[in-house]
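2 protein chains.
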Amino acid sequence: MKKLPDKTVERLSQYRRTLINILAENKHHIFSHELAALLHITPVQVRRDIMLIGYSGTLRQGYDIKELIEIIGKIIDSKEGQRVAVVGIGNLGRSIIGYFSGKRTKLSIVAAFDINPDKVDRVFAGVWCYNYSRLAEILRKENITIGVITVPASEAAAVADAMVMAGVKGILNFTPKPLNVPSSVYLEEYDIITSLEKIAYFVKKM
Amino acid sequence: MKKLPDKTVERLSQYRRTLINILAENKHHIFSHELAALLHITPVQVRRDIMLIGYSGTLRQGYDIKELIEIIGKIIDSKEGQRVAVVGIGNLGRSIIGYFSGKRTKLSIVAAFDINPDKVDRVFAGVWCYNYSRLAEILRKENITIGVITVPASEAAAVADAMVMAGVKGILNFTPKPLNVPSSVYLEEYDIITSLEKIAYFVKKM
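Residue numbers (this note's numbering), protein chains in the order written: chain E, 1 to 206; chain P, 1 to 206.
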């Protein structure tokens, strides 16, 4: 299958999460307009995305929720799952590790890193925190493909470089410092200031 | 001025943040292709966004950084600034408050809320944490227009409803629970699982 657009993958992930919640409520079918309403998008968008992954519902019942969850899983998960490291165990790093703890997903956080001796060689929500000086060694040994950066902005670029050198293929950057990575590495960046400024703009315009 | 598209506002916020960093390095002009490279987007995108806000650079020098920062500010900030509350003072709530602490922006976090007696009536990075039972009273008294939700997913909908009832006009939801708000309220949602699943998909495809 061809590589899907960024935004489609994002929505597929959201569809799956929503569908898992609905399945837990013992509902087995859903119409595109119901799924769309839950995610504040148009039914056309939902139908287009789901056609793109080669699935279709029935006119009378809509999509089979269980089937759709499985098909999305086949597309976005990898069979063996992927192993994630979090670098920077401040409040944000800890909240991310805590959030994943006990969740069954194909992504597992298997290592944390910090330079603070009070944090190193301790366990945070089931994840071991290594000394940052061991980053390259552990990333390789643990076969980690995805790195999450939650260090101060001034350190972000150095951490990203070290991750890339150690074979990491995807980076999620939570610092406000935009990073440069080789084109063979997938970079996703999130800054809360942007989200809040966007909200502030639309609040002002309302 | 007409309401700008969501994604344009998002990029304007990113342009400004990047430009502020560059100005601090004593650079005074920048070309669209330089700004584009820093943000991993196309120069055409940058030029289109900046034309949309009625600004243009010169062929020889590009954009005047200081002017552009000011113009973006006029568009996305409101004169008096906007007041923000964070509900849920776990690791994520604390990291958000800490992140804003000392930053000069037109957004100020002026109140925090929790139900945990160990957190209530304490100060976190300069922000007072109130008992959640006082939410409506404080939101109104403090003239808070934006609410950030960092509570457990099961509580998110109730918190959002209470915020809306108390006059909040914009909500940033960090729980994995998609929310429903009236169309007069601007809602932005972020879930790290989606970011990581997107990265995982592209890593798999590489």
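It is worth saying that the hints were derived from the structure and are not from the lab.
Quick caveat, the model's predicted, so the values are computed rather than measured.
Hints may contain errors.
[To be verified] When the alpha-carbon atoms are kept at most 30 angstroms apart in a straight line, the in silico DSS-like pairs for lysine-lysine are as follows:
1) P:Lys79 / E:Lys205
2) P:Lys119 / E:Lys119
3) E:Lys177 / P:Lys27
4) E:Lys103 / E:Lys119
5) P:Lys74 / P:Lys3
6) P:Lys205 / E:Lys204
7) P:Lys3 / E:Lys119
8) E:Lys7 / P:Lys141
9) P:Lys177 / E:Lys204
10) E:Lys141 / P:Lys27
11) P:Lys3 / P:Lys119
12) P:Lys74 / E:Lys106
13) P:Lys141 / E:Lys177
14) P:Lys103 / E:Lys103
[Stated by the list, open to error] Every beta carbon over 12 angstroms from chain E, so not counted as near; a handful from chain P, in silico:
15) Asp77
16) Lys141
17) Met165
Beta carbons: idealized from backbone N, C-alpha and C, even for Gly.
- Query: Which hints from the list above does the structure break, by number from lowest to highest?
  - Reply: 6, 7, 8, 10, 11, 12, 13, 14, 15
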